[in-house]
Amino acid sequence: MIGPHEYMVAIFKSVSHAMKAERILKERCVPFKLIPVPKHISSDCGVCIRFAADARPDVETALIGEVDIALIRPLV
Amino acid sequence: MLHIVDAKGLACPQPVIMAKKALDEHGEIAVLVDNKVSVENLTRFGASRGCAVEVEEFEGGVTEVRLLMGGQAPSVRKESNVAAKAPAGPLVFVFSQDRMGRGDDELGSLLIKSFFHALGELDNVPDTMVFYNSGVKLAAAGSEVLEDLKKLEEQGVDILVCGTCLNYFNIVEGLAAGRVSNMYDIAGAMAGAGRTVMP
Chain A
1 MIGPHEYMVA
11 IFKSVSHAMK
21 AERILKERCV
31 PFKLIPVPKH
41 ISSDCGVCIR
51 FAADARPDVE
61 TALIGEVDIA
71 LIRPLV
Chain B
1 MLHIVDAKGL
11 ACPQPVIMAK
21 KALDEHGEIA
31 VLVDNKVSVE
41 NLTRFGASRG
51 CAVEVEEFEG
61 GVTEVRLLMG
71 GQAPSVRKES
81 NVAAKAPAGP
91 LVFVFSQDRM
101 GRGDDELGSL
111 LIKSFFHALG
121 ELDNVPDTMV
131 FYNSGVKLAA
141 AGSEVLEDLK
151 KLEEQGVDIL
161 VCGTCLNYFN
171 IVEGLAAGRV
181 SNMYDIAGAM
191 AGAGRTVMP
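For the record, the sequence lines run as chains A and B.
Per this note's numbering, the very first residue in the first sequence carries number 1; after that it's consecutive.
Per this note's numbering, the very first residue in the second sequence carries number 1; after that it's consecutive.
So here's chain B without its partners, still in its complex pose (with noise of 0.2 Å):
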């Protein structure tokens, strides 16, 4: 028998956790909601249940939800398609201080040395790598790491140094591999990233 929940009036998460519960002692209910969102809770909630999830509105902006027990196979949460799913776009890779982790001054020097072979090393190796801060001391003349960094720009990674920061640490005559970028086109690679890696 359908059980009727009323949880008109009610916002987020009330309707889903009266809902929950009922569905759980009656197997077949109607949750009665007045908003949106409670109707795309619900509908995602049942689908989440295995349930057949029905929707019909009514006059005066009352929807009725009904969830049917083993209507159907628990859909598979939408988060995890989305984890499954290799991210589109560029992989960005942002360089913000010219050592590799925070700890030990020395061992982090030693370790993006260590790094950036490895870098040159990878199959897929980055779309853009991304300088600024003391970053950008890893793309100037004296830098341990150019080497390596010049051999990426070879393959075709585009290498955006920071200006300001070249020019605040008076290094912007010695800049060797990659080209002096503005904030803008830095912003606009990190929000435009698939994905965005900080070593």
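Isolated chain A (complex conformation) (with noise of 0.2 Å):
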């Protein structure tokens, strides 16, 4: 079991963005969760993509140039 510091969430400037990320990773099979954006981060009530710490590099490689990432950090 992942313990949640070994999390990472990455924001997007915009819902549609987030959206377009989740059908990008379920295409490539890399595994996330779509998420409620954490009150600890933001207090817009927006969604976020959360991944496992090690799938970093896959997600970087699937989504950069293709969707506004605004932010990728620890989930706590």
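Since the hints were derived computationally from the structure, they do not count as laboratory data.
Take the hints with a grain of salt, since some may be wrong.
Looking from chain A toward chain B, a few residues come up when the C-beta cut is under 8 Å (computed) [to be verified]:
no., residue
1, 35
2, 36
3, 47
Just so you know, even glycine gets a beta-carbon here, dropped at the ideal spot from N, CA and C.
Could you fit the two chains together into a complex? Lean on the hints.
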């Protein structure tokens, strides 16, 4: 079981970018979970992509150049 | 001096309207009514205005309700007492579709995933979750909220999934969380709920 400290989140500039990222990661079979942006990161009513820290290279490869990532950071 | 208001033969809300007007003018009134509902309404009205209330029944079905202004502190409205109390009975979440809200389907799919994640993080998880119509897809194989739903089930949430609906969508075999339920159980869960929440 992965602990929360081993999760990263990718935050996007808009909901449509989050949706696009979701679609791309699904196609590439990169494991992730779409979650609400944690309140300690932003109070916006947004969604973000959570993934295991060791999947970061896969996530970046899949998304960079395709969607506007505002920030990738640890979940906690 | 006691002012007499004759409200015999009148139905709600007439006696209370007359009482209100008379009370403002005279401060001490006796209202004559001939039905039980009016007696109750006048008693409640008097209490809400901080009156001392006396009720006296006479022969022939006539009741005199005496209201004396300033007799006691105004009572707190019953409704607000009820609202202040936490409702008794189970907390039931109802999912009537596989999305959250109406408007845009793609957005609704995204929101329901976000919602289920947040639900799993709440301190007070629901007692029961009910799924019907396209909501049953959330509990079937291929659902993107299955992980969260199974976690809620492990936490002791009773998950009722409409069997008719699984059958209709041809996914009876695909049920992956909760138990197949029927409309009696679903109606019972909703009727017995302290609160019903429909995201």
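Quiz prompt | Cut-off 8 Å, beta-carbon criterion: hint that residue 35 of chain A touches chain B | solution = holds (4 Å)
Quiz item: Was the hint right that residue 47 of chain A lines chain B, CB cutoff 8 Å?
Solution: holds (5 Å)
Quiz item: Are residue 36 of chain A and chain B close enough, Cβ to Cβ, to be under 8 Å, as the hint says?
Solution: holds (5 Å)
Going down the numbered hints, you'll see the structure goes against none, and every one checks out.
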